[in-house]
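Peer 1: Use these hints to put chain B onto chain S, whose structure you have.
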Amino acid sequence: MNIVNQVGTESKTSKENGIIMNEMSASGATAAVAERPLGLETRGLHAWFGSHHVLSDINLQFPERSVTGLIGPSGCGKSTYLRMLNRMHEFIPSAAMAGEVLMDGSDIYAPEVDAAAMRLKVGMVFQKPNPFPAMTIKENVLSGIKLANLEVPNHDEVVEKCLTRAGLWKEVKDRLNASGGSLSGGQQQRLCIARSLAVEPTILLMDEPCSALDPGSTLRIEETIHELAEKITVVIVTHNMQQASRVSDYCAFFLSDGGPGILVEADATRKMFTNPTDTRTADYVQGKFG
Amino acid sequence: MSQTGSISAPQNVPQKREMHVVYSTGDRIFRRIVTAGALTSLIVLALIGLFLLARGVEIFRDMGPKFITGTNWTAGSGDGIIPAEFSIGPMLAGTIVTSLIALFFAVPLSIAGALYMEFFAPAKIKSTLVSMLDLAAAIPSLFFGLWGVQVFSSMGERWAALTSHYLGWFPLFNNELEIFGRSPFIAGLVLAAMIVPIITSVSREVYSRTPRELVDSCHALGGTRWGAIRAVVLPFGRSGVVGGAMLGLGRALGETVAVYLLLNLVFKYNFNILESEGGNIASLIATKFGEATPYELKALLAAGFVLFLLTLTVNMAATAVVQRTAKAQS
Chain S
1 MNIVNQVGTE
11 SKTSKENGII
21 MNEMSASGAT
31 AAVAERPLGL
41 ETRGLHAWFG
51 SHHVLSDINL
61 QFPERSVTGL
71 IGPSGCGKST
81 YLRMLNRMHE
91 FIPSAAMAGE
101 VLMDGSDIYA
111 PEVDAAAMRL
121 KVGMVFQKPN
131 PFPAMTIKEN
141 VLSGIKLANL
151 EVPNHDEVVE
161 KCLTRAGLWK
171 EVKDRLNASG
181 GSLSGGQQQR
191 LCIARSLAVE
201 PTILLMDEPC
211 SALDPGSTLR
221 IEETIHELAE
231 KITVVIVTHN
241 MQQASRVSDY
251 CAFFLSDGGP
261 GILVEADATR
271 KMFTNPTDTR
281 TADYVQGKFG
Chain B
1001 MSQTGSISAP
1011 QNVPQKREMH
1021 VVYSTGDRIF
1031 RRIVTAGALT
1041 SLIVLALIGL
1051 FLLARGVEIF
1061 RDMGPKFITG
1071 TNWTAGSGDG
1081 IIPAEFSIGP
1091 MLAGTIVTSL
1101 IALFFAVPLS
1111 IAGALYMEFF
1121 APAKIKSTLV
1131 SMLDLAAAIP
1141 SLFFGLWGVQ
1151 VFSSMGERWA
1161 ALTSHYLGWF
1171 PLFNNELEIF
1181 GRSPFIAGLV
1191 LAAMIVPIIT
1201 SVSREVYSRT
1211 PRELVDSCHA
1221 LGGTRWGAIR
1231 AVVLPFGRSG
1241 VVGGAMLGLG
1251 RALGETVAVY
1261 LLLNLVFKYN
1271 FNILESEGGN
1281 IASLIATKFG
1291 EATPYELKAL
1301 LAAGFVLFLL
1311 TLTVNMAATA
1321 VVQRTAKAQS
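Residue numbers (this note's numbering), protein chains in the order written: chain S, 1 to 290; chain B, 1001 to 1330.
Here chain B stands alone, though its shape is the one from the complex:
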């Protein structure tokens, strides 16, 4: 073998040698434990989905696409004279409408709150605010529902009346009956209050990761604090805020108790958000579950499956958005 190196390709390319990563026993046990942990949550999720689908599949077969679009929920008489018919169209629409109203109010509020905490709040109160925010995110939704019914409703009705008075020409805000209580609008506002903490928390986290030197550059260029926020912080945090909003949306879509307390369950498509009728899938299930016939129970579980798919989709979209942000920032 020659000792001097050659620039031309070697004549004999040697066989590739096998390489093994050898883990110690401790490593192997640890690896099994964490793998099991990760798999368990996936399996539980899949089993829940399968359970709902298995119980509901009969309804999907009997009702067909009408289950999603129809507007009738009848348990039927036991003797079969009145046939049972189940469809969740208005509830599905109500789920989406109340959640969108919640997002509409919660997102701007959360962005403002996050910017305040990260860039304007005095250092002394900042840490207090941050921990209070995390506490607020953990308040059970029951309390939001009770607060909505007992405290907020009367105020929300006034707001709704004003909105209807000035914007009633717009179909969304039309209200012929002039009764403003227990509307999707009020339910949406209460949901907004409920999801503001989580969206604010995620947004603040993303904003706090804005590279310091980019903000400095804005100042060095003669920019104001608002200029720096607009030029650097908001674009940097955009995808993160979208991710936070999706998490909030997921929570709003699945909210049961607050909507159950705040909305009259009415099986009619209602896109006049100030009128007193509505409902969502989760509160439908909570309302009907106790006294359901065996067949109706299956319909409720089928409705649950639809909601399951909806929230799963939203959460997966949120994860994808957040991951894309993380990748773009690295």
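Bound-form chain S, shown alone:
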């Protein structure tokens, strides 16, 4: 992606200066967090399961090479939102949507888009570590390449590079042919991250990647996320306020009052946690509800 090269010289500390607006609307919220080049953006996004309206009018932009945390109480639709960013939403039989998800400016839900090819650019890590049980560690890392029939000159190089980026290489380099299931939970999750990286995505979606892990493994994964954000855009759903404040550059707060989930506020993480615009955000990040 050429956009990556254009912003390559920009320093990481400038991220928080990029905020340009933060405005509220009656139907929910419109929030844009940056004027940096955009890898991913949603416009007027709605989601339904059958007749149940679960997300309403989500407008959000994800600055390239940053970490955005999606926070909010259970049932506010943040996981659904995440799954709409790589079209996993459509696998649920009764699911419906409206609005647009723009990747590099073009709508990924457009009829001519090849969903499988699009997902190559958007990696995903799930809540529960889920390495493929019938495959070895090495095969797990290479599984995406095999699934998409990609041509890669040097498989071993890919394996080492991805496992290193996921912070797992040192621990497993002597047993690449062991089963993925033989690793600990935290290692399995890092293997899943390595697996997503093998197809070189520009965006990585993480759905509560640490909620099934112990604090030590959580810390390792958060370090990994920081390192990844130097090269790719990370969107992470988390229930853990401390994690959101530690790991993200930007936060988006989702909330449902029984109706469809709305985006209450999105801003730089520091502002969201110290001086949010909306009182509901303040109450939530201070642990008064949720």
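Check each hint, because a few of them may be wrong.
Sample of chain B residues at the chain S side, in silico, Cβ under 7 Å [to be verified]: (1) D1062; (2) P1108; (3) A1121; (4) L1214; (5) S1217; (6) C1218; (7) A1220; (8) L1221; (9) G1222; (10) G1223; (11) T1224; (12) P1294.
In silico negatives: residues of chain B with every beta carbon more than 10 Å from chain S [unchecked claim]: (13) H1020; (14) A1093; (15) P1235.
Hints listed in this document are in silico derivations from the structure and should not be mistaken for laboratory results.
Quick reminder that beta carbons are idealized off the backbone N, C-alpha and C, glycines included.
Peer 2: For chain B alone, coordinates are given in the frame of chain S:
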């Protein structure tokens, strides 16, 4: 006694106390009922085996190993001029050959059907398909036999003729006589149709238990639906499908009426599956039972015992495979 805890080992290890699980009267009665139920089926199975063995043991003693391998079934003349001789070699081979043909066709068909129902069928017709499948599994085999004779045979003969024409150089498909009716091939195909429902049903059940997040991962990695099936669903369901196939095999091995209607009972080893001769143990028993001499009856029951052992082995293997899958998945 000191109140503070000590890290070093306690000086006096106390005596172990006895613990009793106390069941209420209702629990005890219920337990006896279910135990009796479980034991009854085991006892009935054992008694059937013993009955067959007891009646057939004389034949096993008289004929020796030749009973299994020989190719002659003669009731003998009552005056003893022509001695009675019983052996089931061709029938045992026919049982296995027709069952393997059935498996060969039924397993791929069942896997395809199960994958379609679980991953491709629209939600609306899926439930209809599933209940129709269970209905199909309950169709009496007599109807499969009649359908085989009346409807399928002529088509099967054409297929057999084509196979023989193009693959006749291969011993299995050789047919010098150019008569293609009533062959193990056709019987095997009808058996295949008969066991497809049970194998499909078991396979679909296993496939449906594939962890959702593994399939999602494949999609998230840019895989297609076929990619996800190949990478995750098929490996996950492999042992389950083997278990289903074994259940189908068990049914095919013991099939009586369909084979009785479809095959000419010929006591000759026939591994040219397109030729019109064959038979299996169950249909042998059905054919000979009505007019058997007392001694021949014993031979039939001995044959039954062999079949009993064969199906028991297959079913136990199936159970073992299915249990291993369940264990691996937990």
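Peer 1: Next step is simple, just say for each hint if it's right about the structure.
Peer 2: Now for the hints, and whether the structure bears them out:
1. Among the interface hints, the one on D1062 (chain B) is violated; its C-beta lies about 52 Å from the nearest C-beta in chain S, farther than the 7 Å criterion.
2. About 20 Å separates the beta-carbon of P1108 (chain B) from the nearest beta-carbon of chain S, more than 7 Å, and the hint is not met.
3. Evaluation of the A1121 (chain B) hint against chain S yields a violated restraint, the C-beta minimum of about 12 Å exceeding 7 Å.
4. Among the interface hints, the one on L1214 (chain B) holds; its C-beta lies about 6 Å from the nearest C-beta in chain S, closer than the 7 Å criterion.
5. Hint status for S1217 (chain B): holds, given a least beta-carbon distance of 6 Å to chain S, under 7 Å.
6. Because the smallest distance between the Cβ of C1218 (chain B) and any Cβ of chain S comes to about 6 Å, under 7 Å, the interface hint for this residue holds.
7. Here the hint on A1220 (chain B) is kept, as its CB sits about 4 Å from the closest CB of chain S, short of 7 Å.
8. Residue-level restraint check for L1221 (chain B) holds (minimum Cβ-Cβ distance to chain S is 4 Å; threshold 7 Å).
9. Among the interface hints, the one on G1222 (chain B) holds; its C-beta lies about 4 Å from the nearest C-beta in chain S, closer than the 7 Å criterion.
10. With a cut of 7 Å, the hint placing G1223 (chain B) at the interface with chain S holds, because the nearest CB-to-CB distance is about 3 Å.
11. This hint holds: T1224 (chain B) has a C-beta 5 Å from the nearest C-beta of chain S, less than the 7 Å allowed.
12. Taken as an interface hint, P1294 (chain B) does not check out: its beta carbon lies about 57 Å from the nearest beta carbon of chain S, beyond 7 Å.
13. The Cβ of H1020 (chain B) sits about 39 Å from the closest Cβ of chain S, beyond the 10 Å cut-off, so the non-interface label holds.
14. No Cβ of chain S comes within 10 Å of the Cβ of A1093 (chain B); the nearest lies about 36 Å off, and the non-interface call holds.
15. At roughly 4 Å from the closest C-beta of chain S, the C-beta of P1235 (chain B) falls inside 10 Å, breaking its exclusion from the interface.
In terms of the numbered hints stated before, the structure departs from hints 1, 2, 3, 12 and 15, listed from lowest to highest.
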